[in-house]
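Asks: The primary structure of each chain is shown beneath.
2 protein chains.
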Amino acid sequence: MEVAVAIDCMGGDHGARVTVPAAIAWSRRDPACRFILVGLQDAINAELKSAGVAAGPQLAVRHATEVVGMDEPPANALRGKKDSSMRVAIDLVKSGEAQACVSAGNTGALMATSRFVLKTLPGIDRPAIAGMLPTLKGHTHILDLGANVDCTAEHLLQFAIMGAELVASVENKPRPSVGLLNIGTEDIKGNDVVKDAATLLRGSGLNFFGNIEGDDIYKGTTDVIVCDGFVGNVALKTSEGLAQMLATYLREEFGRNVLTRLAGLVALPVIRAFKNRVDHRRYNGASLLGLRGVVIKSHGSADVYGFGFAIEHALDEVRSGMLEHIMRRMAASQTKVETA
Amino acid sequence: MEVAVAIDCMGGDHGARVTVPAAIAWSRRDPACRFILVGLQDAINAELKSAGVAAGPQLAVRHATEVVGMDEPPANALRGKKDSSMRVAIDLVKSGEAQACVSAGNTGALMATSRFVLKTLPGIDRPAIAGMLPTLKGHTHILDLGANVDCTAEHLLQFAIMGAELVASVENKPRPSVGLLNIGTEDIKGNDVVKDAATLLRGSGLNFFGNIEGDDIYKGTTDVIVCDGFVGNVALKTSEGLAQMLATYLREEFGRNVLTRLAGLVALPVIRAFKNRVDHRRYNGASLLGLRGVVIKSHGSADVYGFGFAIEHALDEVRSGMLEHIMRRMAASQTKVETA
Chain A
1 MEVAVAIDCM GGDHGARVTV PAAIAWSRRD PACRFILVGL QDAINAELKS
51 AGVAAGPQLA VRHATEVVGM DEPPANALRG KKDSSMRVAI DLVKSGEAQA
101 CVSAGNTGAL MATSRFVLKT LPGIDRPAIA GMLPTLKGHT HILDLGANVD
151 CTAEHLLQFA IMGAELVASV ENKPRPSVGL LNIGTEDIKG NDVVKDAATL
201 LRGSGLNFFG NIEGDDIYKG TTDVIVCDGF VGNVALKTSE GLAQMLATYL
251 REEFGRNVLT RLAGLVALPV IRAFKNRVDH RRYNGASLLG LRGVVIKSHG
301 SADVYGFGFA IEHALDEVRS GMLEHIMRRM AASQTKVETA
Chain B
1 MEVAVAIDCM GGDHGARVTV PAAIAWSRRD PACRFILVGL QDAINAELKS
51 AGVAAGPQLA VRHATEVVGM DEPPANALRG KKDSSMRVAI DLVKSGEAQA
101 CVSAGNTGAL MATSRFVLKT LPGIDRPAIA GMLPTLKGHT HILDLGANVD
151 CTAEHLLQFA IMGAELVASV ENKPRPSVGL LNIGTEDIKG NDVVKDAATL
201 LRGSGLNFFG NIEGDDIYKG TTDVIVCDGF VGNVALKTSE GLAQMLATYL
251 REEFGRNVLT RLAGLVALPV IRAFKNRVDH RRYNGASLLG LRGVVIKSHG
301 SADVYGFGFA IEHALDEVRS GMLEHIMRRM AASQTKVETA
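Chains A and B, in that order, are what the protein sequence lines are.
Under this note's numbering, the final residue of the first sequence carries the number 340; numbering is consecutive throughout.
Under this note's numbering, the final residue of the second sequence carries the number 340; numbering is consecutive throughout.
Keep in mind that the hints were calculated from the coordinates and are not lab data.
Note that the structure is a prediction, hence the values are computed from the model and not measured.
Warning: the hint list may mix true and false statements.
Since the list can't tell identical chains apart, any single copy or any two copies may satisfy a pair.
Dumping the calculated DSSO-like pairs for lysine-lysine here, alpha-carbon to alpha-carbon at most 27 Å [stated by the list, open to error]:
{"#": "1", "residue 1": "Lys49", "residue 2": "Lys173"}
{"#": "2", "residue 1": "Lys82", "residue 2": "Lys94"}
{"#": "3", "residue 1": "Lys82", "residue 2": "Lys189"}
{"#": "4", "residue 1": "Lys189", "residue 2": "Lys119"}
{"#": "5", "residue 1": "Lys189", "residue 2": "Lys173"}
{"#": "6", "residue 1": "Lys137", "residue 2": "Lys275"}
{"#": "7", "residue 1": "Lys82", "residue 2": "Lys119"}
{"#": "8", "residue 1": "Lys219", "residue 2": "Lys195"}
Model the full structure from these sequences, guided by the hints.
Replies: Right under this line is the structure:
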């Protein structure tokens, strides 16, 4: 299936130096995928040139004069930078020239601009950020990762529906299990929002597993994990911090003296296999779910390898018809509510 | 300094098989520490006997006829089991026979019973659970870990004061830094409660660092981390789950074939040093802070080695005069409010 993807080439810590080579690499693997490279044309063309690639139908350049800063207030970007690479890339999704947008830029600005330009899907009050994490059984999807700090039970239900439809369409898993992140598995645990959300989820027709706890994330207890954006963001960042600390400790222990360094040399293939298995770059690319368009947020620090996974997510969501799946489910649940 | 510690010998997954040997081991290290071993006397005496130790002034046995189940509703335990090992151990703190209580039992029941029997310190609305986590710089203290799912900004301020006084007294660090767990470092980030708490903390006279994010926990950015019990519990359990997954992966990679097993053999001393550094047993023992007495909660699955650290925390809090430190600080901040 032919897909056009708009790349916000200036976003992220590395800008065009990462985004353009990632698009080039992907264009070679997937001839049915066309890229619209949005940003300062000199920067983009320089990257194409250094890769020995010419712009053309598969790698089109769209000049945009402004760049959204990584720490810029979202409102600034939205109101003041109408010709930013981020805004123009999202506009291309709105106009239908592209079916998806991928950006490693400022998360807040990307969410605010996407919401303003694309609007939310019918029945969705607020978009959420959904990400993938490795588990003992494979991987899981968790949302929201930080777009919504205050959520009602209805918001959590909408997140559950969106997350389930994402997995159902992209992974072709008809009834993915959904867990509600809580501080205990019993019904009486948690705050009122979580308790009310559990009631809604039990009556939703989704494959609701029930309450889960933080350690269930990495046990892979459910296919989808629902939580408010404050909790999800803390869980994600805490995991990043712990993984970094453990990696540092492991490096320090193997680097302690000549003997440990020799042991490290012997163990190198094993350590490499281990690192590859938990390589966070393979989980790069969070979905801004609930919008009338596919928008993928790459980690700001992603390299070419990692940014490629964000592109892959965008393509998977477009080709699996994820938006239609969500819309159909929302329409069905609305009808249910109206006739109830 | 002489201290008497009441041990809830029946609490935890292993009951007297862990709690009694841990008390015996500690009694040998610390002759000024006396233990009151509370629970089913047959079970306790059997453990003393199998260790070849006689009950006496340093290891006194106090019979209690009931046991609180690990999954029993807290209200049940509180109302229905007035002669449980947990309740009697807490009663001993109330009566002054013991200066601290250590339990590996049901967290909810321990909190409810402690609060009912001991009451909160003047100026403290709700007790909080404070735990220790390893960091790149050493360790940090985080609270609340799950006692309070809904918190106001004032509660978070009280947690901050208690956490800071815990570190100030136990670690002899006069002005420990305090971080507020949030989803971004800028002032505009987070929900209203967190924003209001930041304002209160800035005016509190504490050494307030500002907002921190999840990854700052393990970076060791601050000495104390404050959050509501929902967020703290998710952060803790998520960490446990991630650590278990990584340990499983590492074991699997080293166990893959003869060559990797040989590499594992060579790397064993390094892996052991690494594991020892992050051994969660060394961080066992969470403080129920804000009560008129020292109560320490051990992890339910703790072994003898781990339970010893919970005992050590209890002794540190008693000997450093932590309760007086918290009371003095609360009185000072009340006066400030009244004269403002």
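Asks: Tell me the hint numbers this structure goes against, listed in increasing order.
Replies: Hints 1, 5 not satisfied by this model.
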